[in-house]
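Q: Protein chains in written order, with the numbering used here: chain A, 1 to 145; chain B, 146 to 536.
Misleading hints may appear alongside valid ones.
[Claimed, not checked] Straight-line Cα separation of at most 16 Å, EDC-like style, residue types lysine to aspartate or glutamate; simulated pairs:
1) Lys-240(B) x Glu-254(B)
2) Lys-121(A) x Asp-45(A)
3) Lys-514(B) x Asp-456(B)
4) Lys-32(A) x Asp-474(B)
5) Lys-53(A) x Glu-528(B)
6) Lys-535(B) x Asp-45(A)
7) Lys-532(B) x Asp-45(A)
[Stated by the list, open to error] Computed beta-carbon distance windows for the label pairs:
8) Glu-91(A) x His-248(B): 45 to 53 Å
9) Lys-131(A) x Glu-504(B): 53 to 61 Å
10) Glu-402(B) x Glu-91(A): 27 to 35 Å
11) Lys-131(A) x Arg-281(B): 48 to 56 Å
12) Asp-511(B) x Met-1(A): 25 to 33 Å
Keep in mind the hints are simulated off the structure, nothing from the lab. Note that the structure is predicted; figures quoted are calculated from it, not measured. By construction, the Cβ of each residue, glycine as well, lies at the ideal position given by its N, Cα and C atoms.
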Amino acid sequence: MYTEKVMDHFTNPRNVGEIENASGVGTVGNAKCGDIMRIYLDIDDNGVIQEAKFKTFGCGAAVATSSMATELVKGKTVQEALEVTNKAVMEALDGLPPVKVHCSLLAEEAIHAALWDYAEKNGIVIEGLEKPVNDIEEKVEEEDY
Amino acid sequence: MIYLDNAATTKVSEEVFEAMKPYFCEQYANPSAIYSFAGKSMKAVNEAREQAAKLIGANANEIYFTAGGSESDNWVIKTVCETYKNKGKHIITTKIEHHAILHTCQYMEKQGYEVTYLDVDEMGLVKLDDLKAAIRPDTILITVMAANNEIGTIQPLAEIGALAKEHGVLFHTDAVQAYGHIPLNVDEMNIDFLSASGHKLHAPKGIGLMYIRKGIKVGSFVHGGAQERSRRAGTLNTPGIVGFGEAIRIAGERMQENVKKEIELRDYLINRVLTEIPYSRLNGDPVKRLPGNAHFCFKFIEGESMLIMLDQKGICASSGSACTSGSLDPSHVLLAIGLPHEIAHGSLRLTMSEETTKEDIDTTVDELKVIIERLRAMSPLYEDFIKKQKN
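Chain B on its own, in the form it takes in the complex (with noise of 0.2 Å):
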């Protein structure tokens, strides 16, 4: 099997796992308690929370633990709201949003809050003019992205997150994409929450983090409990925790040699694709990038068609059609960068790990090329293409 949906979620590495087996059955202790026992948990608890800050230049009493990355999201948009309707109830954030970005904002629109989704570039950039411009008095927060998980475009943070200083704006960024993965710093960047999940860099599921900057007032999401500095309650999960602290040390130790690595090995794909497949575009900066995304159309071919077939060789992608969405829609980030329905539906996402291999990539192209060779020789808008050239 050729596993190229990492973005998806990833496979818990060896490392993480030996971590993480002491605090089943042996050091199961709930760390809250106050018994000796207790104590190498919270211990634990504690070492992974300082990794946790220390990735992104933060302080380990920034560090909050939550279920994961839609939990982060969720509470920190709805908290923010309650906790500073007096001030505004005026929200900013992007098209090409996750959908616990999305529907929260709906969510909230419905409670009577005001939202304005920005317009993104063809790359999938933020404006910042328009960010400006969308700035009011009663701007309350910006959430922005830090890599989009589709097409796996890096957001200018530093210049969002000065622009949301210089107005007194709270910023947020969903960073479950990029965390672990590129360099983040939340005092260069101005960030004063970010979001990110254990189970993007081969941490388990189930596991996330929400990163706030001390001194900021906010709510708790989850009540019961005075784990998390009282701002999150419930028993801490300490071999999930333990996990993700050793996974993202892992990550902070080898990031520059994993960045490098996959960048070549993304580019090679790219460029593989793009010069042996016709009628195939790039989705996404080509530089401003995730190091370990490529996102493809294929103009003529439906996603979950070339999606079984990549499955029936042993290969598992991912695709923003319609028909993998379970709605008729294709996905909302294609048709944000300008993409047409047709075309956003011949869609093709292949995300690497650092354990993917040039093998893997040449496999995956070979087979790509007869899949949609095949797929073509289908399809009715290529023989209307082809009539059309002859004509």
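Pulled out of the complex, with its shape left as it was, chain A reads as follows (with noise of 0.2 Å):
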């Protein structure tokens, strides 16, 4: 059902941690719908991604999304960023199977979320950013077993 790269990147994902004191972090997603992801993003001063790190709660393409997407902004600027939307990162998978597409967009709006609230610590705007539609504001609620 998946592509060889996806089956690698969910086997052996690339950046799985977290980043103190990120420039950025974004979750999106529902663990309603089985998805959730979390992306770190350490910016520096020149606005150039350093290290990119993921939490993610989902399916096999969900993880290896979440992989590929912070392996490509990685050393990439802002802007340049912003350019790697979800076919970017599919392409980058050697594709999905139709029913996993929302894996990618929810990888890319990850990203956007992170860089949301990079811009919004630092008082700046990215132009052609937009306030990413999934950020999670609330916690989802825990109960115990």
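Combine the two chains into a complex, taking the hints into account.
A: This is the structure:
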């Protein structure tokens, strides 16, 4: 069902983890639908993404697209990172099954959410960046068992 | 490979395969033919029918071979609706039925029938008071599964059957997961129709049956011939039927021993998982449960990722997560027992056969522990949970 590249990025995901005091953090998705992605970006004074990390709750495609998206934005400027669309992520993974295309959209949104957070923290406007709709404002309620 | 998806399908056993073999290239006659060459085939079919009936305390002339559980379920619902439409147009079922029942009921709703989908309790059990309250003068059928295919909960069939009989309503049970695995008796349980499938008990795929109580009027579903007392047309699937018969014979003979062995192994598995994996829960009733079924939810992780990682370790399992069903919603069964979406996504079903060993279970649990730890380390939900705990 998945391409070799997807399986590779699922089995050996790149950039899993957190960045302390990250320049920007974005969390998108919805536990109800089964996918949550959180992307951390470390952006230097020149607006270049030095480091990208992620944490993802979701299926194989969700993990693989997070992994690929973080790989693609590393070393890019904020403006260049905006060009990392869901299409670019999918192409880099040699494609996704149709039912999993939403995972690549989520990866794009997670990047945008992290960039939005960075822009807000620094009081800047990133041209062409809109506030991501899937941003999670409130944390999921925990239930005990 | 460790195969723990026996609720999806089972391996055809060597004994079953041996019994079927002569009916492909040697005894290939159409059993319905007049010549003596066909006689042996018909005899084999009737012997299988005897076995199928004996297992549930029925008579051979109450057994009709079909292409499987889904056909049997479709048959009973659609033809009962048609046959009894003058009495009423109301069906009672549950929210946790197999889609062969649920989708057929939804289809009948479009044809102008009314369906009550009963809630179940947190263990997945039908509430008898709810059932009683749902019965109306125009109710023509109650259809409740014998045991659930996901969480393994066994329904109180005798009590349901008694209620149906008391109110003069026909009672069907989808026994695909139960037939050949746990004792069933159509008279003691007042069952009027019962669906079963061969491939869940080491017979091949594509063969099933329906039990119809003698004297009950119901139409044909597949038209076109006089086979199966004119109730189910189509050339008899002789090898399939013979294999099914042999599988039923073996299942009946070894049921007591298999049930004991599987329950022991199942409870060992459940105990290891619940004590060794934090934030895990068992779904379904711990006791009123299919002998070979264990079903868990693991918090903070998603089922498909878990299945792929298990597969990479050579372990075949299944999940009720959305990603494995092709929709965005997790299993209707897990939602019906009251699990929130995010927890239902992290489900895992392990279903054993009599061939499953303790070593298989130990390997699976050991691998599972590592996999869950890895996925949790990757999960933003787990990160939030840990941070919240520290504060």
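Q: Now, for every hint given, state plainly whether the structure supports it.
A: Each hint, compared with the structure:
Proximity of Lys-240(B) to Glu-254(B) is assessed by CA-CA distance (about 15 Å); at most 16 Å being required, the pair is judged to hold. For the given pair, Lys-121(A) sits about 13 Å from Asp-45(A) by alpha-carbon distance, which is consistent with the 16 Å threshold. Between Lys-514(B) and Asp-456(B) the CA atoms are separated by roughly 14 Å; this keeps the pair inside 16 Å, and the hint holds. About 8 Å separates the Cα atoms of Lys-32(A) and Asp-474(B), which keeps this hinted pair within 16 Å; it holds.
With a CA separation close to 14 Å, the supplied pair Lys-53(A) and Glu-528(B) stays within the 16 Å bound. Using a Cα cut-off of 16 Å, the hinted pair Lys-535(B) and Asp-45(A) is violated, with the two alpha carbons roughly 33 Å apart. Proximity of Lys-532(B) to Asp-45(A) is assessed by CA-CA distance (about 29 Å); at most 16 Å being required, the pair is judged violated. Judged by the Cβ atoms, the range 45 to 53 Å given for Glu-91(A) and His-248(B) is violated: they are separated by roughly 37 Å.
A hinted range of 53 to 61 Å holds for the C-beta pair Lys-131(A) and Glu-504(B), which are about 54 Å apart. Between Glu-402(B) and Glu-91(A) the beta carbons are some 56 Å apart, a value that contradicts the proposed interval 27 to 35 Å. Taking 48 to 56 Å as the suggested C-beta distance range, the pair Lys-131(A) and Arg-281(B) conforms, at roughly 53 Å. As the Cβ distance of Asp-511(B) to Met-1(A) is approximately 26 Å, the hint placing it in 25 to 33 Å holds.
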